[in-house]
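Asks: Listed here are the chains, written in short residue letters.
Protein chains: 2
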Amino acid sequence: MTNLTGFNFIAGTSSAQGSTTFASFNPRTRTAGDVQFHNATAEEIDRAVTAAAEAFEITRDYSTAKRADFLDAVATEIEALGDELLQTADWETALGLPRLTGERGRTTGQLRAFANLLREGSYVGAIIDTALPDRQPAPRPDIRRMLLPIGVVGVFSASNFPFAFAVCGGDTASAWAAGCPVVVKGHPGHPATSELFAGAVHKAIEKCGFPTGWFSLIQGNTVEVGQTLVRHPKLDAVGFTGSLRAGRAIYDTAAKRERPIPVYAEMGSINPVVILPGAVSARAESLAEGLVGSVTLGAGQFCTNPGLILMLKSAETEAFIGLVRDKMAAREPGVLLNEQIGSGLEKAVSATLGRGRVEKLTGGEVASGEGCRYTNTVLQTTSAAFIADSALQTEHFGPVTLFVMCDSTADLEAAVQALHGNLTATIHAENNELETAGKIFNLLREKVGRLLWNGFPTGVEVVYSMQHGGPYPATTAPATTSVGMTAIQRFLRPVAFQNMPDALMPPALQNANPLGIWRIVDGETTK
Amino acid sequence: MTNLTGFNFIAGTSSAQGSTTFASFNPRTRTAGDVQFHNATAEEIDRAVTAAAEAFEITRDYSTAKRADFLDAVATEIEALGDELLQTADWETALGLPRLTGERGRTTGQLRAFANLLREGSYVGAIIDTALPDRQPAPRPDIRRMLLPIGVVGVFSASNFPFAFAVCGGDTASAWAAGCPVVVKGHPGHPATSELFAGAVHKAIEKCGFPTGWFSLIQGNTVEVGQTLVRHPKLDAVGFTGSLRAGRAIYDTAAKRERPIPVYAEMGSINPVVILPGAVSARAESLAEGLVGSVTLGAGQFCTNPGLILMLKSAETEAFIGLVRDKMAAREPGVLLNEQIGSGLEKAVSATLGRGRVEKLTGGEVASGEGCRYTNTVLQTTSAAFIADSALQTEHFGPVTLFVMCDSTADLEAAVQALHGNLTATIHAENNELETAGKIFNLLREKVGRLLWNGFPTGVEVVYSMQHGGPYPATTAPATTSVGMTAIQRFLRPVAFQNMPDALMPPALQNANPLGIWRIVDGETTK
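Same order as they appear, the protein sequences are chains U and D. Sequential numbering of the first sequence, starting at -17, is according to my numbering. Sequential numbering of the second sequence, starting at -17, is according to my numbering.
Hint data in this document are derived by calculation from the structure and do not stem from the laboratory. Just so you know, not all the hints are guaranteed correct.
Since the list can't tell identical chains apart, any single copy or any two copies may satisfy a pair.
Derived SDA-like pairs: lysine to any residue, alpha-carbon spacing no greater than 20 angstroms straight-line [unchecked claim]:
| hint | residue 1 | residue 2 |
| --- | --- | --- |
| 1 | Lys509 | Asn493 |
| 2 | Lys309 | Glu506 |
| 3 | Lys509 | Glu102 |
| 4 | Lys48 | Thr344 |
| 5 | Lys216 | Ala370 |
| 6 | Lys216 | Ala396 |
| 7 | Lys421 | Asn481 |
| 8 | Lys48 | Gly64 |
| 9 | Lys216 | Ser372 |
| 10 | Lys295 | Gln69 |
| 11 | Lys216 | Ala400 |
| 12 | Lys509 | Gly498 |
| 13 | Lys189 | Tyr44 |
| 14 | Lys48 | Ser390 |
Keep in mind the model is a prediction, meaning the values are calculated, not measured.
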């Protein structure tokens, strides 16, 4: 890890005013890195947000084409970081080079996908109602509405996606695409990776002639750094991916501001999977294999990890659970991202087992040997216990899943109705079970942002139609997504122009439709 | 006012468990009505929200056509209330029959406009990305996304629009259109009017075969009634129109819930008007007349009342202000909605005058004679004072406006940059002032939801393109509107369906596009 400074990156300049520092940590070897990273001070955070607000004065008038070029430039600069980026992130997260290579592709891919969205241009949702000068009793004015950037955005990196939900991840890409300057709070689990990204962004900013305040990276391993950012009077919105505890704390702080701001916090979930009897009969082996693969993928450290499996009690179900248990036990436990996640997981599983009426089928302990690891864990309880105790809906962030045994379809439906908000829900069923499946889907629909049929929830496609969100506690903003093209909507707000001279209006609303975008004009969708 | 009961209307039944009551109040005669209205109890509120949640289990599967028919039926039943509705509201609000007749048309008009939006159907924002079975390294699944209703909505009626922002007003209409059952907290300023509306809704529910829990009306003149509603665990979102104090209290309560819910509060604003010198030279008389008409319309009790006028200092400006002052003084002060608004206005103007550096040009006192009235008031200050003291941005809810004198265009721009969030901003200018106007518009754009050119902000058109919202403190949700067709988006949330059998998917997402709506399919906008 050559050339790392451990400095914050504030509007184009390196800065290390803070006296407290922290280091990278290799979870495979439990060793610390050489470089000391400086916690950002209140003064540095103020400098970052103020510079962002000043940059916004300039960049909010940039064309969508100019922003698109910038997003492409960032993708190019990320690729130019080459193997050093992959190796640095692997050292800090133990996610492995194949996964990180894929995640880098996803990260540059979504930057370019947003660039294409901007070039197409219809995302501004232009709506035009032309004047009715002869209307009685008074003429109707000409009114035109479009979406414009909300302002300065603070982004909190996630631990589990050091590329795709981090410095240049989905939140940052969608905020930039919307036209918003970004101040990123780097995750303390991969500060060196964050610093490399900051260098890439800096090059793209210089290449594209953007003001330096368009981007800053603040580092920190304290709650205070993030809270100071959220409290800054010039911040206009927050994107966050992480734990319920941290996300809720940020939401609460933002709500208490003199001027409250929106917090788009994606806080994970337990992603219920309902398996109907026909699916077990038809394909127990492949189903068990797929499920175990999904639960243990990335050592279970995915927001969409299937942490809850609801089934109808039967001999076949028992055999299936045995199969899952054996496959889980047979897999080598993966290395966790860091020690905090390891100790958090240990605590969460102990707490669940401590509720009573939860049986441990395998795992449930720290794995022996080198590295931060936790045994692949299978737990089991009854629908009655699950319904009675909402603590059993706590996320275990790791390779853990909980089977819930239901005596009847009615019990199963009751368990589904007791669910809190989740990112996803899945049903496995055969075609002769469509009626039961449909009814359960209909109940699950109210609980989640994405419903899957005969699939596994991990592996979130970055497509226009993706919905990665859901009712609380999955997120603090169920009407939004943090993945996919509509993620841009979080950082836009509508503005209407009434009787405005054509020359003063943004191109998206001008009579000639110079951008050639889709618009709703007097109720008709038209180009 | 015959046949009034003073009861709450809970899911199809009348209920009066509460021991505390209040009466209507006629602001013209300062007399109380005969009927005692019962404050809703916690048990009644629980019954209303629980019934709404139960109704949602059924109604969320209703077709958009069925909901459209219901909205039309409500409009018809409101019209069937005939003169009694107008007279009752006039007695309670003193708004006058012509205004109330117009407002009734707007209210039934927006119900029918939402019905048409549902029949057209594209509001669900359907996005489809079809499968790529041959993609490497893994196939891409079929993913389809649409907007679905968020759940049970609580609506707080406004005092100043007893029809259009009340029991069957824009919040309720858009929530129903979205597919959400509604519990309305009636405004204590017009409880009899609210009760008449509840009867009309009840008839529409019976006619259309909706479950009774689809609508409830709770009455109350205490903070507790509203707070109990917002705290109810089964409530999913809140629509509110009213004061900053009340709106913020509701927002704070919702944010502190175990499961926070969105609060769409429209809390009014001071609606800055910038008048450039050319406009004064060209049309002082008509400009002054229009401005005074806008400030005094409805006794100034509009969220879009132009309460702040920014001008460049000159002899012509001084003459113009004199003209406005004289016209304001010459107009008969209108009757205010109720005594609370009168005393609030008195307090607000006194507080503004007490800041120092604010001069009273006319008015500034309770009007003599019968009825709750306040003199038409013109205040004046300097840009320096305005920029230095943010308390001068407090809304005066009544016929009051404040001139801000700027020594230069730079001062004017600084004053604009100091503005808090507002619903609207207006510029009056001539065509040879486009450059200056454009620069100021560009600054104002960041502060408001709607920009007007050579117009007056009162008179909010109910059209697709309307944006009635803005940055805090104008609202708690700057990305949304409470007027116009896109108001429906507040009560919707996206759900994605992955690899779902066609038969299990909502019609909006099925292959055949049976609803014939606009959809984005593999990136192409298509029917």
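Asks: Which of the listed hints are broken here?
Replies: Of the numbered hints, 2, 4, 8, 10 and 14 do not hold.
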